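Q: Below are the chains, spelled out letter by letter.
Protein chains: 4
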Amino acid sequence: MPDKNFKDILRKINQFGITKNTDIVELINSLKDTGFNAKRLAIACEIYKEMVNAKNCVKFFGLAGALVPAGLQKVIFDFLNEEFIDILVTTGANLTHDLAEALGYQHLQGTLENAEFDDKILHREEMNRIYDVYMPNKVYEGIEDFVAKIEIPDNDMSVSSFLKFLGKQLPENSNSILRVCYDKDIPIFCPAFTDSGLAMQLGFHNQNLNLNHFKDMLDMVNLAWDAQVAGMCIVGGGVPKNFIMQSLQFCPNSATFAIQITMDRPEPGGLSGASLREAISWGKINEKAKYSTVISDATIALPIILWYLKKSFK
Amino acid sequence: MPDKNFKDILRKINQFGITKNTDIVELINSLKDTGFNAKRLAIACEIYKEMVNAKNCVKFFGLAGALVPAGLQKVIFDFLNEEFIDILVTTGANLTHDLAEALGYQHLQGTLENAEFDDKILHREEMNRIYDVYMPNKVYEGIEDFVAKIEIPDNDMSVSSFLKFLGKQLPENSNSILRVCYDKDIPIFCPAFTDSGLAMQLGFHNQNLNLNHFKDMLDMVNLAWDAQVAGMCIVGGGVPKNFIMQSLQFCPNSATFAIQITMDRPEPGGLSGASLREAISWGKINEKAKYSTVISDATIALPIILWYLKKSFK
Amino acid sequence: MPDKNFKDILRKINQFGITKNTDIVELINSLKDTGFNAKRLAIACEIYKEMVNAKNCVKFFGLAGALVPAGLQKVIFDFLNEEFIDILVTTGANLTHDLAEALGYQHLQGTLENAEFDDKILHREEMNRIYDVYMPNKVYEGIEDFVAKIEIPDNDMSVSSFLKFLGKQLPENSNSILRVCYDKDIPIFCPAFTDSGLAMQLGFHNQNLNLNHFKDMLDMVNLAWDAQVAGMCIVGGGVPKNFIMQSLQFCPNSATFAIQITMDRPEPGGLSGASLREAISWGKINEKAKYSTVISDATIALPIILWYLKKSFK
Amino acid sequence: MPDKNFKDILRKINQFGITKNTDIVELINSLKDTGFNAKRLAIACEIYKEMVNAKNCVKFFGLAGALVPAGLQKVIFDFLNEEFIDILVTTGANLTHDLAEALGYQHLQGTLENAEFDDKILHREEMNRIYDVYMPNKVYEGIEDFVAKIEIPDNDMSVSSFLKFLGKQLPENSNSILRVCYDKDIPIFCPAFTDSGLAMQLGFHNQNLNLNHFKDMLDMVNLAWDAQVAGMCIVGGGVPKNFIMQSLQFCPNSATFAIQITMDRPEPGGLSGASLREAISWGKINEKAKYSTVISDATIALPIILWYLKKSFK
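Going line by line, the protein sequences match chains A, B, C and D.
Sequential numbering from 1 applies to the first sequence in this note's numbering.
Sequential numbering from 1 applies to the second sequence in this note's numbering.
Sequential numbering from 1 applies to the third sequence in this note's numbering.
Sequential numbering from 1 applies to the fourth sequence in this note's numbering.
Certain hints may be false.
The list cannot tell twin chains apart, which means a pair is met if one copy fits it or any two copies do.
[Claimed, not checked] Taking lysine-lysine and the BS3-like style, the derived pairs with C-alpha atoms no more than 27 Å apart in a straight line are:
id: 1; residue 1: K49; residue 2: K20
id: 2; residue 1: K49; residue 2: K184
id: 3; residue 1: K184; residue 2: K7
id: 4; residue 1: K215; residue 2: K138
id: 5; residue 1: K49; residue 2: K288
id: 6; residue 1: K7; residue 2: K32
id: 7; residue 1: K215; residue 2: K184
id: 8; residue 1: K168; residue 2: K138
id: 9; residue 1: K120; residue 2: K149
id: 10; residue 1: K288; residue 2: K138
id: 11; residue 1: K32; residue 2: K138
id: 12; residue 1: K215; residue 2: K49
id: 13; residue 1: K310; residue 2: K138
id: 14; residue 1: K20; residue 2: K314
id: 15; residue 1: K164; residue 2: K288
id: 16; residue 1: K7; residue 2: K120
id: 17; residue 1: K288; residue 2: K120
id: 18; residue 1: K32; residue 2: K311
Just so you know, the hints here were simulated from the structure itself, not pulled from any lab data.
Owing to the predicted nature of the structure, the values given are computational and were not obtained by experimental measurement.
Take these sequences, add in the hints, and give me the full structure.
A: Okay, here's the thing in structure tokens:
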């Protein structure tokens, strides 16, 4: 840390203005020279743009949290469809909810003034709650009907191969993450797949199923190994964050770009909230990397980043 | 809580899209029907617009946190200049930093990759740190020179009267909060004024100064009492939040609109993170109020709200 | 929610005292009648004691976070050794670090005043950082040597069967979680096992390994199904929390006791911070359950709970 | 930062055990050599003990948050009564609630399973909520009756002089913070006094009251100036934290010991969550200080620290 020359580094904070004609690129450019999380969000946008522009950069995207229920399915779809993501690592929950929407089911919302329904009554009425989003139990029945008809080509295929196969079964022209990854040939990894409603249905209907999680692990390491330049965008921590990180740890080229959007913090010591700088000690992010952690709800930060990228690459 | 009829209330989550031509009003309208904090931010925007439109609504604005150092002086200036705020309650720190910028001093920023200067070296070099913002000690000297020349008209005047007097001394056409409040005749309350660098300088130079804090308290209660409709926007909690809340508690009309932007949470039990719903039990917010708490860094949420308001009232 | 009769429920807050002769059971009893997280911690202790006392109660324990590196290996060992846990669900990271300690390696700590080492230098010196804990890279080499010699009995065995086999290889009389689970015949589930350093070493050395994660999933559902009474203690959220929850969702008896210790919060919408009350809507926790979420660093709360239990059952 | 010699600093993490005979001093000694917040809490205990032992050390204690309603009045009383505090800086809210308890009123609690009363009904029944603590409106009436009878000796006295006078009016042998500070001649500062229910009642009944807040500010600076050794324990941030910090900023001896217990974090940039290290850059804490920030609910950490101190100084 160049302690002695901080005077060479420090620059004026920008007391920026906003007009009704401000556009998103201009706003982000203004925020870049401020402080706190506005600055970090702006720099995250800038790093992401640079990742997209960088020749041969493999863009890893780690997605935890219940973003599909919260209404961000199309936003994530667009990240994939615009090729802002090369490799997706996510949770079984996100895929379960993506499948539900792809099959025509919907998630529901309340109002802020009536935010506190009695969970006992919700239970009796078979309405599952995810903070302020609701999913009727009957969605599970729809998923079960769908799963029951699937003929899995190989009980020992990797999870990512299975997810590609699954995406192919889904309607074209939907906003499905699974479908667009199939269409665009973008690998989806889901290391904790059996920790999901979708996997439970699959397991109940296919007692011999043994999707090969170790093959996924090795495939992921190979993809990381082959990346001449690696970048990562981590949303919400969890298993997706670590799975991307561990794959890059022993590679010739660790990550050169890193973005993290999370509400978790370093002090409790868990990986979800760990700083990106910490990952340098492990060799997961390289010493010369550009990185930015944005402490923000992803439902606010992700749409802004997408908007900035779409406008930048119009 | 209308537990039995939740089915009448629940509506579809909006899986919204973004294009390069999206504008801020359209984005907020999309987010309104999602979940988590994106929804809450969108509803906060909508409530703020409604406050501005509401006839006779007195808009209280509580501002804690170091937003001027972080580059939001002009954003707050615009909230005042556009008359989105009728009564400002803030901290001595924000006023101290506002004065510094008004006098031509600047706050400084580092880079994310060099974010961790040694505070011991910063101290030796007389550079004060506010997370990732920096303020040279010499700014204090500039404030002292300014304060030493002020002739306070009345040692027993209220803090808000003094702050109005102070605003008048500052350059026209600056982005100063103090100056625009003078120009627009917007009262500024600062209940913990003596908890600030500005007040320390004033006290050192005026040993007989006894600004009347109780007069402020009573003036504020009278303003709250006279409000036919009251609305509040609380940024960051702290004393400004409680001071607005306590003033409305015993009034004929408690708040009808309430917005809160904070990173604090209810569980530790402090007022800063308390839910707005809790304020209903105290009679500070009324039973039919519209309200929204956004868990977000204010440096991200406030510019978005301002942008939305400017575009909505173009 | 029995809104009308809150007056029947409310009791006096206990303004409790502490003496040098206070003991842990007395302290917890005092805190039970206070507010905020002290109360919640006290009630968590009480619920855990009740779980241990309850006849036929199956105690599920979800363990995320880096607690072994932080020095809590022996605390978790004791929870297992005292039979306060019947089924453990954890992360691959915790098992990797447990194995390291069992093989004689150590985790390291700095001092608070020298808490900010340069991660670039740590990297060059092959010292991996976990917030304020450090692990030399050579530990991985030791794990690799161990793993290279293991002869896995069946490439298609479940992860939990493998972990039992692994525990058997470890030194008796160590404080190892893996070993005590073998000794006590306590099943360990690790749904995201391939998301760990241990699994990577296993995969590199055994290209045909395909531990059957679906078998684990079904075994876990069967254990949950058979539980006449179910209780859960969730530390830190993540995959272990959801894996326990999903297993109980469709069972005849969902959880009757539930404790959660976490720094995560509900507002970002992820499962880690979700309230226990929310799980009632899903049928994972039953309507008459006793539950308590403690917002606390687990390194503080877990030793207190263990201490309370040991003293209560002396 | 001594980056090069981290190897000289790093020591083994202690995988500590707990028995039913463990006592609090032994537990804290064990936690000292762990990681995360357990370590920080243990070091906070140790620093506090050292502050008490240090000859001529003036112990400043900043108390924000609603700890009296939560049941910690007697804990804070004991910190004062045992002379673990030399100067108390607190909020008007804590003093209002302390007065209420001293006058014989009580705060109330619910149960965790019935934690979500309807605030509208609470309002109609005149029951004010503070997270999970409740205070009937009639307490305000009792405070008003008390306040109406007080004959304030001097309208222009400082707030701290008034609080001393107030303490004298309260029953001996109560657990009142105000009373024990009078008995022990411990100054109480309350920079935002007019931001409280107590001050509102005083103001309503004494229209000429103008307690001299600037005198408090100067008195506090003088006390800080005279401290040969200064230590601070900051609970919860807010105005009390800054008021102590600003008083020490320009003194010959800034703080040599510093403890902070808070759930706030640095990233949003506010002072409440600012690291203690940051205060070194300002000269509020000195370069050689021992310091520890504990991210913990104060209702858990404060009783533990008191218990440790009582046992250590038995």
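Q: I want to check one pair: K215 and K138. Are their C-alpha atoms no more than 27 Å apart within a copy, between two copies, both, or neither?
A: between (34 Å within a copy, 26 Å between copies)
Q: Taking 27 Å as the upper bound on the Cα-Cα distance, should K7 and K32 be classified as within, between, both, or neither?
A: within (19 Å within a copy, 37 Å between copies)
Q: Regarding K310 and K138, is the shortest C-alpha distance of 27 Å or less found within a copy, between copies, in both, or in neither?
A: For K310 and K138, the Cα distance exceeds 27 Å both inside one copy (36 Å) and across copies (44 Å).
Q: Checking K49 and K20: alpha-carbon separation at most 27 Å within a copy, between copies, both or neither?
A: Both ways: K49 and K20 sit 25 Å apart in one copy and 14 Å across, limit 27 Å.
Q: When no copy is specified for K20 and K314, does a C-alpha distance of 27 Å or less occur within a copy, between copies, both, or neither?
A: both (21 Å within a copy, 7 Å between copies)
Q: My question is about K168 and K138: at a cut-off of 27 Å on alpha-carbon distance, are they close within one copy, between copies, both, or neither?
A: within (24 Å within a copy, 44 Å between copies)
Q: Within a copy, between copies, both or neither: where do K49 and K184 come within 27 Å Cα-Cα?
A: within (20 Å within a copy, 42 Å between copies)
Q: As a check of your reading, is K215 near K184 (CA-CA no more than 27 Å) within one copy, between copies, both or neither?
A: within (21 Å within a copy, 32 Å between copies)
Q: First find the shortest C-alpha distance between K32 and K311 inside one copy, then the shortest across copies, and answer within, between, both or neither for a cut-off of 27 Å.
A: Classified as both; 17 Å inside a copy, 22 Å across copies.
Q: With identical chains treated as interchangeable, where does the CA-CA distance between K184 and K7 reach 27 Å or less: within a copy, between copies, both, or neither?
A: neither (48 Å within a copy, 39 Å between copies)
Q: At 27 Å max between alpha carbons, let me know whether K7 reaches K120 within a copy, between copies, both or neither.
A: between (60 Å within a copy, 14 Å between copies)
Q: With 27 Å as the alpha-carbon cut-off, assign the pair K49 and K288 to within, between, both or neither.
A: within (17 Å within a copy, 44 Å between copies)
Taken one by one, the earlier hints fail for this structure at numbers 3, 9, 12, 13, 15, listed in ascending order.
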